[in-house]
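Asker: Sequence:
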Amino acid sequence: MTVFDFRPTLNAPYDDPHLWLEDVEGEQTLAWAASQSARTLRHFGGTQFDRDPEALTAIFDRPDKVPVITRRGQYLYNSGKMPEIRTTMAPGPPLPPIRRSCSPPRSGTTASHPGHARKTAAKLQAFGYPAYF
Numbered sequence: 001m002t003v004f005d006f007r008p009t010l011n012a013p014y015d016d017p018h019l020w021l022e023d024v025e026g027e028q029t030l031a032w033a034a035s036q037s038a039r040t041l042r043h044f045g046g047t048q049f050d051r052d053p054e055a056l057t058a059i060f061d062r063p064d065k066v067p068v069i070t071r072r073g074q075y076l077y078n079s080g081k082m083p084e085i086r087t088t089m090a091p092g093p094p095l096p097p098i099r100r101s102c103s104p105p106r107s108g109t110t111a112s113h114p115g116h117a118r119k120t121a122a123k124l125q126a127f128g129y130p131a132y133f
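Per the working numbering: the sequence shown ends with 133, consecutive numbering throughout.
It is worth saying that the hints were derived from the structure and are not from the lab.
Any given hint could be a false lead.
What the hints assert, rightly or not - Cβ pair distances, simulated, as ranges:
#	residue 1	residue 2	range
1	Phe4	Phe60	33 to 41 Å
2	Pro53	Tyr75	25 to 33 Å
3	Trp32	Phe6	48 to 56 Å
4	Gln74	Lys119	13 to 21 Å
5	Phe44	Gln125	33 to 41 Å
6	Leu41	Pro13	35 to 43 Å
7	Asp52	Leu19	35 to 43 Å
All residues carry an ideal CB built from backbone N, CA and C; glycine is no exception.
When you get a sec, could you build the whole thing from the sequences and use the hints?
Answerer: Spelled out as structure tokens, the structure:
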């Protein structure tokens, strides 16, 4: 079995022509980045590309677009936009504020798991109720 040693030596020095780009605050690197940005804007900054965002927004935000949820590894991805859910509540006394605690709840306390408190607080804030963290 052949083992390759890729460390630089005098016979085979490590000559990286782009090593100077690692100096992210150097004048040469900043000038190069600015020139590349200008080059990109010259190529893609024309009027024919101004209409693309509006067209894509109209395509992806259609109300009849059915969301498709796919799984990749441990994550779920939603390819569509859910319609806004309008919920009305009858007027009444405001709910008490939520107390969030990072410690496990003890008997007789109002503490809850941080994840549950965060979700509940977000739901209550959506309805205009106060939620304290």
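Asker: Given the hint of 35 to 43 Å, check if Asp52 and Leu19 actually sit that far apart at their C-beta atoms.
Answerer: 37 Å, holds
Asker: Could one say that the CB atoms of Trp32 and Phe6 fall in the range 48 to 56 Å?
Answerer: 27 Å, violated
Asker: Does the Cβ pair Phe4, Phe60 satisfy 33 to 41 Å?
Answerer: Violated - the Cβ-Cβ distance for Phe4 and Phe60, about 48 Å, lies outside 33 to 41 Å.
Asker: Look at the Cβ atoms of Phe44 and Gln125 and judge whether their distance stays inside 33 to 41 Å.
Answerer: 40 Å, holds
Asker: Does 35 to 43 Å hold as the CB distance between Leu41 and Pro13, or does it fail?
Answerer: Since the Cβ atoms of Leu41 and Pro13 sit about 38 Å apart, the hinted range of 35 to 43 Å holds.
Asker: Starting from the range 13 to 21 Å, see whether the pair Gln74 and Lys119 falls in it by beta-carbon distance.
Answerer: 19 Å, holds
Asker: How does the Cβ-Cβ distance of Pro53 and Tyr75 compare with 25 to 33 Å: does it lie in that range?
Answerer: 26 Å, holds
Against the hints set out earlier in the document, violations occur for numbers 1 and 3.
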